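Which chain is which? The protein sequence lines are C and B, in order. Numbers 1 to 106, taken from the numbering used here, label the letters of the first sequence in order. Numbers 1 to 140, taken from the numbering used here, label the letters of the second sequence in order.
In case anyone wonders, no lab produced these hints; they're calculated from the structure. Treat the hints with caution; some may be incorrect.
[Claimed, not checked] For the chain B half of the interface with chain C, some residues (derived, Cβ under 7 Å), not all of them:
(1) LEU6
(2) PRO9
(3) SER48
(4) GLY61
(5) ASP120
[To be verified] Computed far set for chain C versus chain B, every beta-carbon distance over 12 Å:
(6) GLU7
(7) LYS54
(8) ASP72
(9) PRO85
(10) GLU103
Owing to the predicted nature of the structure, the values given are computational and were not obtained by experimental measurement. Glycine included, each C-beta is placed from N, C-alpha and C at the ideal position.
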Amino acid sequence: MEPFRMEQQETNGQFVLKLGGELDLAVVPQLQAAVEPYLRRTDLAMVLDLEGLKYIDSTGIGIIVSILKTRDSVNAPFYVRHIPPTVRRLFDMTGLSGYLKEEAGA
Amino acid sequence: MKAVRLQIPADADYIDLVRNNLLGVATKLGFSFEEIEDMKVAVSEACSNAVLHGAKEETGGVIDVSFEFDTAGLVIRVVNYGVPFAYSDARKAASGIQGNHPSELRVGGLGIYLMEALMDEVEMSSDEQRTEVRLMKYRG
Chain C
1 MEPFRMEQQE
11 TNGQFVLKLG
21 GELDLAVVPQ
31 LQAAVEPYLR
41 RTDLAMVLDL
51 EGLKYIDSTG
61 IGIIVSILKT
71 RDSVNAPFYV
81 RHIPPTVRRL
91 FDMTGLSGYL
101 KEEAGA
Chain B
1 MKAVRLQIPA
11 DADYIDLVRN
21 NLLGVATKLG
31 FSFEEIEDMK
41 VAVSEACSNA
51 VLHGAKEETG
61 GVIDVSFEFD
71 TAGLVIRVVN
81 YGVPFAYSDA
91 RKAASGIQGN
101 HPSELRVGGL
111 GIYLMEALMD
121 EVEMSSDEQR
131 TEVRLMKYRG
């Protein structure tokens with residue numbers, strides 16, 4: 001059991017949010033609060049780095065979809081990077097993969 | 001069937017304990033890593049629904065989870081109490097993410113869609129007293 005964690009960085013025109021541990025219903029408000037101030041920032045690209053993510057379910061996928069929609073509506077870039085295999089499987093299964101822009105990242 | 005039972009407060013903070021218990025039981029039964037990952041998501045979806053739609057923790061609401069098993073496989077039951085949930089309508093509406101453009105995307109019913117995709121069988125029932133989700137995974 002690995003608690004959810006977040007680490008954010010703002011560099012080179014990017015807002016990078018690194019997620020780790022288990023993302024489920026319990027921590028959705030935390031994640032929403034972290035992205036909220038940046039959702040409509042068109043001067044920054046938003047990047048979710050999922051490398052440390054051990055678990056995600058429909059609630060986490062729902063947040064990613066809502067980020068995607070908001071970023072699209074303000075015409076601002078949104079990328080994901082380092083999708084772990086178990087997470088990618090769920091992205092594929094739900095159809096989310098088809099809408100994500102992946103970035104190799106550092 | 002033998003059974004391992006767990007009761008948690010109807011609060012999202014305790015769903016990780018259900019995943020942890022599932023990991024223990026399913027590992028003991030010899031399920032593969034991938035099968036266990038699938039069941040973790042399915043049981044969490046059932047618990048999330050129970051937290052969102054059932055009697056809440058603040059009013060003493062609980063969720064009963066049981067892991068029942070024999071040589072055929074594992075049955076996970078997730079039961080919550082309180083107002084009935086219209087599962088048959090929810091199942092009909094359940095789907096993956098669809099839409100030609102990001103603005104059209106909607107995620108309602110994704111949890112039920114995942115349960116059905118990840119388990120061998122899913123049964124749901126709901127009346128005035130209780131709502132029950134049964135998730136089945138066959139062995140081998």
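Hints and how they fare:
| no. | hint | verdict |
| --- | --- | --- |
| 1 | LEU6 | violated, 14 Å |
| 2 | PRO9 | violated, 12 Å |
| 3 | SER48 | holds, 5 Å |
| 4 | GLY61 | violated, 15 Å |
| 5 | ASP120 | violated, 15 Å |
| 6 | GLU7 | holds, 20 Å |
| 7 | LYS54 | violated, 10 Å |
| 8 | ASP72 | violated, 4 Å |
| 9 | PRO85 | violated, 10 Å |
| 10 | GLU103 | holds, 17 Å |
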